[in-house]
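**Student:** Sequences listed follow chains L and E, in order. For the first sequence, the UniProt record's numbering assigns the number 1 to the initial residue and increments by one for each residue that follows. For the second sequence, the UniProt record's numbering assigns the number 1 to the initial residue and increments by one for each residue that follows.
Note that these hints are calculated values from the structure, not bench results. For glycine and all other residues, C-beta sits at the position ideal for the given N, C-alpha and C. Just to be clear, a hint being listed does not mean it is correct.
Which residues of chain L face chain E? A partial, calculated answer using Cβ under 7 angstroms [stated by the list, open to error]:
(1) Y54
(2) G85
(3) L95
(4) R96
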Amino acid sequence: MQLVDNDTFLKQLGSLFETTREHGSIWLTHKRFRYDGDDAAMASAEDGEDTREYPCLIRATNGKEINLSTRVEPGHLDAFHTTYGTLLKSSMTTLRKRDKKREKQRAEDLARKKKRLADPIPIEGPKRGSGRKKRQRRLKAALKQEESRQRAAVKEESRAKGKIL
Amino acid sequence: MVYISDWHEFQEAAEGLYTKSPKTTRYCVKWRAIGGKLVLKITDNTTCIKFKTHSSVFLNRFEALNLSLMQKMQNRRPEPA
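Just chain L, same shape as in the assembly (with noise of 0.2 angstroms):
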């Protein structure tokens, strides 16, 4: 584990970003900084101050060989931040822009389907005779319909159940 001062860290972040545009991802991951010296035991004691400032810890990783972290102290945040924000930003560029097209695709297909299971199927037409196969047909149509409503039903309630929790 490379530990490195910020500057370095950011560059060594700009290279990682360029080296993993073919293959491989990149794992970011910020915590804050809670190592009191060599005694683990006083950290956990000290819970009522509050009011202490800590350094931000950040590690880089491209999964396999690449590992670098480096510290932010509280002071220094606002100037690391801008540098790392447009960092990120100038990296991240195969992100796809916004497709109108493409929501608007996805939104009336589920609005088609949403009526499809709104609208009653008549069953109507002959009993015996010429038309009896298509009225079977709208009569086992209808038993679909049927089920799958049940079946929506059960999924709403299931995920409106999911994220009251």
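Using the hints, position chain E against chain L.
**Tutor:** Just chain E now, with coordinates in the frame of chain L:
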């Protein structure tokens, strides 16, 4: 599942989670340049919340969230007077 689809919800959940347990919460970002996929994960080793996206609309918001979370991590006392 741990994925949240709405950015606003994710942001609130993230900040709430951090405020609840600042000692054990970590914020991880995974970037995959090939498919242009960004995944954000916030966990305090008990609950885990994730957000994934392919769209560049979220870049600015992502950066703002970064800043706010790092500020929480450092626990800066807002400038006294």
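**Student:** Take the hints in turn and mark each one as holding or not.
**Tutor:** Verification of the hints:
Residue-level restraint check for Y54/L holds (minimum Cβ-Cβ distance to chain E is 6 angstroms; threshold 7 angstroms). Restraint check, G85/L versus chain E: the minimum CB separation of about 4 angstroms is within 7 angstroms; hint holds. Annotation: L95/L was flagged as interfacial toward chain E, and the flag holds, the nearest CB pair being 4 angstroms apart, inside 7 angstroms. About 5 angstroms separates the beta-carbon of R96/L from the nearest beta-carbon of chain E, less than 7 angstroms, and the hint is met.
The structure fails none of the hints (numbered hints given earlier).
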